[in-house]
Every structure is written in structure tokens, then in C-alpha cells.
Amino acid sequence: MIVCVAVVGHQNNPLYIQSFTDADDALKLHHIVHCSLDVVDERVNNPKKSGSALNETFLGLLYPTENYKVYGYLTNTKVKFILVTTDLDVRDPDVRNFFRRFHAAYVDAVSNPFHVPGKKITSKTFAERVSNIVKSFGLNAAV
Amino acid sequence: MEDYPEEMRSPPVSLVSVAGCPDLHQTISTHLHSLQPPINTLALPDLSKISLLLAPNPKDDQSSIPDSAASAGILKRDWLLKHRTKIPAVVAALLSSDCVSGDPAQWLQLCSDLDNLKTVIRARNIRLVLVVVHSHSKGEFDQIGNVFDIDDITEDRMLALRKRAEIDSKYFITFSQNDETELKQSLHRLGSIFGELANIYYRDEGRRIKARIEKKSCSAVELQVRYCFKASLVAVYAEFRRDWVEAIRFYEDAYHTLREMIGTSTRLPAIQRLIEIKTVAEQVHFKISTLLLHGGKIIEAITWFRQHNASYRKVIGPPEAVFLHWEWMSRQFLVFAELLETSSGAIQSISSLIAGTIEKSLTEWEFRPANYYQLAAKYLKEKRSYLESAVSLSETFNDSDNSTDSVVPSLFVGQFARLIEQGNAFLMQPLTDDEYIHYAISEGKRFQDSIEIIALLKKSYESFSNFKVQRMAALCGFQMASEYYVVGDFSSAKQLFDGIANLYRQEGWVSLLWEVLGYLRECSRKQGQLKDFIEYSLEMAALPVSSDTGGVQYSRKECNPAGSASIEQKELIHKEVFELISGELSLTSLESNADLRVTGVNQLHLEIDLVSPLRVVLLASVVFHEHIVKPGSSTLITLSLLSQLPLTVEVDQLEVQFNQSACNFVVNSQRTLLDSANDDQQSQRVEAAPSLSLSQNRWLRLTYDIKSDQSGKLECISVIAKMGPHFTICCRAESPASMGDLPLWKFEDRVEAYPTKDRALAFTGQKATQVEEPDPQVNLNIDASGPAFVGESFVIPVTVASKGHAVHSGELKINLVDVRGGGLFSPRETEPITLDSHHVQLLGITGPEGEDESNLGADNIKKIQESFGLVSVPFLNSGDSWSCKLEIKWHRPKPVMLYASLGYSPDGNDSTAHIVNIHKSLQIEGKTAILINHQFMLPFRNDPLLPSKIKPVPDSDQLVTLPLSETSILVVSAKNCSDVPLQLISISVESDDDIGKLCSVQNSGDQSDPEPLVPGEEFKKVFSVKPKMNVSKLMLGSVRIKWRRYAGIGDQPGSAASLVFTDQRLPDVNLELSPLVVSLECPPYAVLGDPFTYYIKVRNQTQLLQELKLSLADAQSFVLSGSHNDAIYVLPKSEQIVGYKLVPLASGMQQLPRFTVTSTRYSSAFQPSSGESTIFVFPCKPHFNMTDVGDRTIESLAAAAE
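Here the protein sequences come in this chain order: A and B. Heads up, the first sequence is in the working numbering, so the first residue is 1 and it goes up one at a time. Heads up, the second sequence is in the working numbering, so the first residue is 1 and it goes up one at a time.
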């Protein structure tokens, strides 16, 4: 189950962060997302270590905490997407697929002429769409 | 890791025992220890002592105890230690040769000792080595391996000895120590044999146990324990042999069996069973990790650890013992972190490792010990919280008895027992689970987990910081600081939180920042730091906590002391702060236990600068509506305040401060105006505003006019807001044009208004304006009438007229600048450095009429250079005027820019700040007034032959050639090329003194009353020049024209304009003696039909006879008598005259017959010009019936022609 997704801007500021848990661990998830930026930085600054293709946006597993797995994704405009999940065996293609759909949703959200680039995303449509994607991620993983 | 005993931490070392010959023990043990791998030595002074060491204790012996007893535990606590320090693999009996070859009594003793030894060691399979030591005194030595050739000891003895010991001959050696090499060799042999035997011993032991495992590989639960135990024994034996691979294999075997036992074993009470298994697992795991890391297999080690962690994390155990589980987990992480840290130095850099591990899904963090430290701390925290609940539980229904005192670790690893004293003996009694938990809780209470947690986090924090992993470090720091907070070390906590808050501020993580600020706020509350408390509270209240994230409710556990981030909470904080500020509330410090209040004594003043996080609380933008203002005239200034505090804030007073303190003013809100009316702020300007209330995200705009009398920059420094009687916020003023975004709020999707209503002003407005100099109220006039002429000293009057200002200490500066730029005033190198070097020269400045130079005071400055002048202007009252005249002389025609600047101070004091400057400039053209031309002519009908004309010499082309001793005519013309009429006074040729001897220049006459020369008119004057002496080059001097501007008819000459002399040098002339002079003579006119004579005279001026050819062409108007062609000879220094008689046939201007004279000697021909050979023919004899004068005129004309 995905417990948290986040969009992080250029200055490593959160543009959108949403947790999907009933438990009261939002702050902990915020900490996890924030710390994962360190790994993103490291991956981005030392691209050769990742061994991935030049234009690869999917950063892979950033770090496994005790209960969560954190995945990252870096768009070509250097906006970061972070995914925190409690599933311990996640297939990479699922995550990639999730990020692709999430990216599409993000692009649609920021293409809104009333959205000011660099500001938080407050669109309700975006939030709705994200929660749909999050829900369907669970389904895909089950299938 | 230090908690583990030494034998766990380091790889095992083989142990051998040497008995007998104590004097050799030191040497042998040192040698064995230095071997690779080292061997530890257990030294016994006597053979008989070995039985003490290995005192058969059959109950303890693993091999002999029954299975049921063995299954009481998994691993004996001291087993490893025993093998490392007590049970040798090899026993070496050192027998001195004296003993061996001694008397029968000695021999018997030896034999019995040997027998004893044998029985002792056989039970344990310990290998035996017999060493016969040769004493020094014998002085005999033998070859190595040639042990039987010793004359002392008979062969029989030796054989008997070997047989008795029942050993192979290989293990029966002699040890000689006679000299260094011998000793070395003996030691070496001893060492290799020991190594070999130890290896054999450990291998056999391992095999033996392995065989036993395989034999009994049934599925009985109890046997699993045994199996596990054996497997680890095998591994240890393998380790003794340094067979790491096998050791790891068996350890892993043991580990897996152990894991399976969790569900199946029923030996002990549940809790203790789990504890035991975990403890053993921990040790086995530790061994595996150590071995893996030692082998440099860091990736495998980490993977193994992950597996270890995964397989035991869920094995929490019964609820009352949960804290033990977390403690155990924490220890796992701590130990692994320490292992990783110690070994990571040895292995290659982490980054290179990571490169190959992506596919194994290991991430960067897992290579960092810091990560494990942090997790260890996390689990320790977990343990603490469970322990606390366990403690509170146990306290409620357990009255403390002393039963825990006697609990000690039992024989087996991970087991505890109660020690009961029964007489002299101690008895181990198993515990029940309740008793054990009780014991564990009381043990747990003794430790201060917080200190441990802080230490762990600190390690992690420092490590992450060193790697520049700042966010992770911040998280560790945050946890560490909150731990400090829990412990009560507020200053440490605050210091850490401050650093972390900076990171979160920078990156705009509001939720995290809220958390940190909440802690900081409480820290300062507890420390009684009022100012900090208010600052943090204000910042919290102004954080962009949006309503829709309010759905996130933090649990009580992780919530910070300030509550969860929500708008309601913000408002609460806001209210609390403002109650504090107004003095209604007080802050109770924990440390000093005093009430802190904002009072008159304890005033509070906050500074908000451009980088302060409190900018969100109050932002002051100040803009002047104009960039430049005149002094004394007022301009508008807009003061805009913005606050993001959730509730409306009432400001009582605003004080606006400028760099010119005279401009400072105070704005009072209407509300407080009445109260402060009696304040003695008379000196300062006080404005009133209807309301000074700031609501969230709305600019409060106030516009006032402002006036400055002082020129220079006027800048707004700060705006001080006063809220309540004792609280002020000083806010640094910011220009809207360069104002940075509000931190944190810039990411929010909010309505952004401009600080001023005028958009343009919001984009370009500045908080500073330039106050101009006061307007000069003095006129500076430069009058110039038309262009200046070269040569004249041109006078330019300059007038300073005061219109309103009195002129104090005025200074007039004059500057001449070339309009086109360039080297106007710099002398050219070719020109001599004279006054002429300046093409335009400032000659002088003369004061007004009647004022003499001597009248000027000593302090008056007057400095004149060629292009620069400085003159002081005397004091002028308002309305007065003063003028001076500039005299400027042009040497070349050039346009020139004249700059005049007047600086003065309008009031009497000499402060330079009030100097007013006026600048005027004027372009003045310098022109040539008179153009002088000249022309040389020969006398009429008189032509000397000039040889240079015939053969032109290249370099003399430029010069005019004049015949020597002949009179030539010089015509000088002066043309007025200016725009104004000029009066020509005289034209003269000025020659140097010595020229007079050489030639005579005569004026043809003088003008007595010169007429003005209108523009464009030309005046000519004729001079006759007669060179007298034969010089090749003659300098004729220069033409000097005296002129002046024509000032009208009525004017007296000389009064209006001074005379100007214009000189022009005449070019040098060549002089030449002409060999032949041809002149024509004919009457001035002719009458039709009247014959007249036309003479051609040729004068030979040479010493030679000249042959000339003369030819005459016919002319149709004349009848001619005389030969057409003739050759004549002219004698030296004589003249030949040829005459022709002519009768004119037509009247009017007629061309005389053209003649040509050709000189054969000079091969040159001469033909007079048509002008020379023209004559007017009257139709009849003219009758001049006028007066005599007419005749005379004609006669004189004719005479002149002659």
C-alpha cells in the first residue's frame, strides 16, 4: 500500500505531499520524504553510480526504512516525485508505471494557466487523480 | 560490541601447553606467539601439574554428559574461553636430558608422570609431544632429527621413552640451546610441529562432532539444540584452523537451526527460551558478520544482516517482554554499525561498492554505519517506551522483593538462574518467567536509555554531517534534540533545533519546521528566555499552515509540545504571544522559577532584518514616489506593512527612521493618539492614521509627504512598530523593487498584492531618493559678439547677477576645451614652445570697471593658465551683479568651447555641503579675418632670360625666381573673408635689417584715410622689388597688415577695437642673373596710317658673344618694314637694338607682329605674351580737347609705360 506521495520542487521544497494512512504518522512520513531527498541528491550528483541510462527519470529504490520503501523519480524539469510504500516486495515495473501516471497528472496540473510555477499544487482535481492512481497501484500489485 | 567477551570478538588462537623445564617457557611462548598464525602457550612448571589443569570433570565434559542434561542449554557460556585458555590442543612434555639419563629412581618418576599425563590427555584427544632438552653444561649437540646419537642418553632409553609415551617418532624431538642458530632451529621445529598437531587436533575434533551430528540427524526437537550447538562447535573448530569458509558455513547452519527452534523448543519457560535463542543467534550472527567483513565481503555482510533483521524483527515475544525484544534489536543494529565502522576503513570506498549493487537492491544508506546507529537509537527508544509501561505495570502490583538480587547469568549463554546458597555450595535454580521479567525490569531501570540514545544519534548525526547528508543528519539531530528535551537539557536541545530549523526554513518544509519550532518555543519557555519565546511563537503563528493540511492530525505520541499544525493552534499561539506582549500574561521559567513579564523594566525589542525568519511576521516596504526631489519640496512616501499573523494585529505607533534624522516621523493610530498627546515629542513630526491594524496577507499602505532640506541621499532605514506599552519591533525597510519573496509563503498559492497601489512603483520603487542641490538663484551670463578672429584678443564679458541668493565665497572657473577634442592645447613637437603653442589662449581676466587688481584681497584667488582660469567672485548681495572680461586670443582658426562654472554658497557659513554650482558654456568660433595673397610680376615689356626657367631644377620649382638687379613688381592683396567690415590701416612689407642691403622694397604709396573693407572685398597694394646682390636665395621678410574691426563712421579709430597686426611671411625667392634681357619698345598708341617704330632691344649681360635669331611674323593689321628673319650677334655687355617700321592698317586693339628671339647658346626662344604685344590704334590723331591734365595724364601714362 502506498502511504505517501510527494512532489518536491527545485529548492527541495514540498509542492504537494499527501499521506494515505489512517494512522497518525504523517510527520514521520514527512521526515522520510525529506530524508529521501538526500539520496536523490546523491544519485543526481553521481549519475554514474546509478548505472542507468542518461535520460532515466526513475531513480529506483531510494532507501528501505524498517517499515517502508521509498522510491524516487526525477522529471526533466528537476521536480522530484517521492513514493513511500509499505509493500515490502514491490516490482519495479509497477513503480515505474505508477510514476508515469503520476507524472502525467502532475503535468496536467501545472499546465493549468492559473497555476504559478514553483508554488504548491492546490488543485483538487490533481489530488483526486493522485488518490485514484494510488488506489490502482494497490490493485495492480495484487494482480 | 565491547559488551562481548574478548574471545567472541577476536578470532580464536590455538592453545598448546608446555610442561617442565620452566626456564625455557619464556623463550618458547614468545616464539610461538610470534608465529603466523600465532599460538598461545600454557606453561606448566612440572609435568605433574597438567592433571590440575585438565582435572577431569566428567560432568562438565560435553562428550560424556547425557543428552537430556546437554539440552538444558544451547551454548555454554565459557566454552569458547575454555578452549582458548584452558584446553590445549597439544601438550609438550619438556624433559631435561639429565632426567632421561638419570638414575632409575628418576626414570621411574618420569615414567609415572608420563603415564598420568597420557591418561589425562587421552580423554580429550589432546596430542602429545615429547621434547628432550639438552642442558648447557654438556656442550654437546647433535644434528636435527638425529636424536638417537646422543652419547648421554642411550638409544634404549630413548626408545623406551617413546614407547611409553606411545607417540610417533616425528613427535619426539630434542631441543638444544647451545648457540643461537641451534636455538632458533629448535624453536622453529617446535613451532611447526605444534602448528601441525594443533591443526590435526582441531580438525579431528570438528570431524568427530560432525560425525556425531550426522549420526543423530533425527528430527527430535531436543536434538536440534544439540545439532545447533555442534554446528557452532564445528564452526569454532574450523575457525581455529582458520578455515573461514567452512566456519561461516557451519555458523550459518547453526543459525538456521536456531531460527527453527523458536517455534518448536519447549525446554524452558517461553520468555526465557526466546531470550536464550536470541542471545545465541546474536552471537552466531556476530561471528558470521565478523567473518564476512573480515573477508571484505561487505555486500554479503549487509545482506546477511538484513536477513537476520528480517527473520527476528517479528519475533517480539510475549507482551510483557517486548522491551527485551527491542533492546535486543537495538543491540543488533549497534553492533553491526560498529562492525561496519571498524571494517569500512579497511575495505575499499563505499561508492565503488555501490556501483555494483544496484541490482541487489542495496541502497547507499545501507553502507553507512550512521544508518545503523540511527536505527539502533530508534529501537532503543522503542524499548524505553515499552520498558516504561512495563515498569509502571510491575510497580502497580509488585511490591519489590529482593528476589532479583541473587539472579545471575547461568552456565549457558542467554540463560539466567537464581543462585542459592546451600551451606558452602551454590546451587543454580531455574527461574520462572515472572521472576525473569521482574529481574529484567529491575535491570532495565538501572540504565539511562536517553543517554544511550543520544550517544547513538550523535554518532549518526556526526557521520551523516561529515558525508554532507544534511537532511538525514537533520533528522538525527531532531531526534537527538527531542531526546535532550525529554531529558531536560534545554540548551543543548535548543542549539540543535536551531540548526535544523534553518534547514527546514530554507527548504520550506512547514510541517517539519512547525515541529521544530514547537520544541524551540517550549525550550525557551522552560528556560525563561522571553525574547526567544516570543520570536519563536511569532514565527510559528505566521507559518503558512494551510487549512487543508489540517486534516493531518498528529498522534499524541509524536506531536510536539506546541500541538499539531493547524490554524486554530496558530491562533492560540498568536493570542498567547500578544497577551504576553501586552503584559497580561507572564512566562514562568523552570530554571529560575521566576515570573517573566514584558514590563517597563523588561522592555522587549525585536529586530527584523532582511534575512530574519520573522519577516513573515512584519514586513515593511518603503517607497519614495520620486527618484529625485528638489530640496525643500515635498514628495510622497508610501509605507507598506504586511503581516502573515493569523489574527489582526493592532499597531499603536509606527516610527519611521531615515538616514537624515530630521525627516523621521511618527505615525500614531487614532486609537492611541489621545493617550500620547501629552508626550513631549514636539521635536518630531507626528502623523495620525485612522487605523494601524494589520490583517493577514493584506498590505497596510500609508502615504505621507516628506520634505528634506539637505541635499544628498535620503533613505529610509527602518520602521519601528510599537505594540503595547513595552514591545517594539524594528523592521528594516525594504525597497519594493529589490524585495525578496517572503520565505515559506512564496511557495503558497496565495493572493499576492503589491506593496503600493501603483504597479510601476511596486516594481521600480526604492526606499531611497536623491535630494538635489538647491536651485541656483544667480545668473551667469557669457556674452560673445560673433566669431573671434585670429590674432585679435577677443573679449568675452561674463556677468554674475544675483537674483535671490547672496553669493558667498564665489569662485568662477573658466575652461577652454577644443570642440573637436584632440591636441588643441598641447604643443606639437615640430613647433617651438612659445605662446603660440596654444592655439587658443586665455590671456587674462579683468575685473569690472574701476576695480583694480591690487584692490582684490589677499584671499581672493586668481589663477590663469593657458586654458584654465580661476577667479574669485567678491561677495554679492542679492540683486547685485558683478562682471569680468575674459580675453582670449586665437592663434589658429578653431572653434572652442568655453565653460564657465560658478560655485558659491548661498548662506554665510563655509560648509561645503551647501555649495551651489552653475554651469554655462558657449561655443566660440575662431576665424581668419584677412586672407593675404601676393604675386610677383616682371616690368612691362621687359623680359630677362632666366636660365632656370629653361632648365627647371627640381627642388627650386616651389620658389619664385627673380632676376637680379632688375625691378620686379610685388602685388600684395588682402581679402576680407570675415562677415564684418574691417578697417585696413596699413599694409607694409617688414624686412629684416640685412635685407635692405640685398634688395630694396619700395612702397608704391600710402593710404591716408583708409576706407572700410566690406566682407569679400579685396585690397591690393603694389611694391617694387629690386634685388641688389647676388645671393641664391633671398628672404623678403613678411607682409604686415594692420587692421581693426570697423566700428562705424562716427567712431574714433582705435577706441572701439584695438589694432590687430596680421603678419604673413613672404616666401623666399631665388635670384638669378639673367644673361639676356629682351625688351620691347613701342609707342603707347598708334594712329591709323601713321608709321611708328617698334624696337626690340636685346641686352647681353654676359662676357660672351651671344648669337641670336630673330624672326618676325606678319600681322594683317600692319605693314611692316624690316627683315623677317635675322641673325644678330650681341657683343658682351652691350645692347643690340633692332627696329621695325610699322604702319597700322586697322584701328582698335591690334596685335603687333609677333616676334621670336632664339638664343642659340641657351637654346631658348622668347616670344612676348599677347598682352605685351598689343597696341591700340586710333583711327585718326586723337584730339584731347579737355584740359591739360588729360594730356599730362596720357603723357605720364606713356612715360610710365616707358
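Keep in mind that the hints were calculated from the coordinates and are not lab data. The structure displayed is predicted, hence computed values, not measured ones. Glycine is no exception: its CB is placed at the ideal position from the N, C-alpha and C atoms. Possibly wrong hints are sitting among the right ones.
To be verified - In silico DSS-like pairs for lysine-lysine, Cα to Cα no more than 30 angstroms straight-line:
1. B:LYS1020 <-> B:LYS1042
2. A:LYS135 <-> B:LYS314
3. B:LYS314 <-> A:LYS124
4. B:LYS1109 <-> B:LYS1097
5. A:LYS69 <-> B:LYS297
6. B:LYS927 <-> B:LYS975
7. B:LYS1109 <-> B:LYS1133
8. A:LYS119 <-> B:LYS468
9. B:LYS314 <-> A:LYS69
10. B:LYS1028 <-> B:LYS920
11. A:LYS78 <-> B:LYS1141
12. B:LYS575 <-> A:LYS69
13. B:LYS894 <-> B:LYS920
14. B:LYS889 <-> B:LYS630
15. B:LYS210 <-> B:LYS118
16. A:LYS69 <-> B:LYS468
17. B:LYS630 <-> B:LYS746
18. A:LYS78 <-> B:LYS468
19. A:LYS119 <-> B:LYS757
20. B:LYS1181 <-> B:LYS1141
21. A:LYS119 <-> B:LYS746
22. B:LYS894 <-> B:LYS1020
23. B:LYS975 <-> B:LYS1097
As the list claims (entries may be wrong) - Label-pair distances were calculated between CB atoms; the ranges are:
24. B:GLN696 <-> A:LYS124: 37 to 45 angstroms
25. B:ALA211 <-> A:ARG91: 42 to 50 angstroms
26. A:LYS78 <-> B:LEU610: 48 to 56 angstroms
27. A:HIS10 <-> B:PRO38: 55 to 63 angstroms
Is A:LYS78 close enough to B:LYS468, meaning Cα to Cα at most 30 angstroms? Holds, at about 21 angstroms.
Please work out if B:LYS314 and A:LYS124 have their alpha carbons no farther apart than 30 angstroms. The given pair, whose Cα atoms are some 40 angstroms apart, is violated under the 30 angstroms limit.
So if I understand the rule, the pair passes when the alpha-carbon distance is 30 angstroms or less; does A:LYS119 with B:LYS468 pass? holds (27 angstroms)
For the range 37 to 45 angstroms, tell me whether the beta carbons of B:GLN696 and A:LYS124 fit it or not. violated (23 angstroms)
For the pair we were handed, B:LYS1020 and B:LYS1042, check the Cα-Cα distance against 30 angstroms. With a Cα-Cα distance of about 14 angstroms, the restraint between B:LYS1020 and B:LYS1042 holds, given a limit of 30 angstroms.
Run the distance test for B:LYS1181 versus B:LYS1141: straight-line Cα separation, threshold 30 angstroms. holds (18 angstroms)
For the pair A:HIS10 and B:PRO38, does the Cβ-Cβ distance stay inside 55 to 63 angstroms? Holds - the Cβ-Cβ distance for A:HIS10 and B:PRO38, about 60 angstroms, lies within 55 to 63 angstroms.
Assess, step by step, whether the Cα of B:LYS1109 is no farther than 30 angstroms from the Cα of B:LYS1097, and give holds or violated. holds (13 angstroms)
Below or equal to 30 angstroms on CA atoms is what counts here, so check A:LYS135 against B:LYS314. holds (27 angstroms)
Given the hinted pair B:LYS1109 and B:LYS1133, is their alpha-carbon gap at most 30 angstroms? holds (18 angstroms)
Is B:LYS314 close enough to A:LYS69, meaning Cα to Cα at most 30 angstroms? At roughly 18 angstroms apart (the allowed maximum being 30 angstroms), A:LYS69 and B:LYS314 satisfy the hint.
Restraint status (C-alpha distance of A:LYS69 to B:LYS468 at most 30 angstroms): This hinted pair holds, its Cα atoms lying about 23 angstroms apart.
Comparing the model with each numbered hint stated earlier shows that hints 3, 10, 11, 12, 14, 17, 23, 24 and 26 do not hold.
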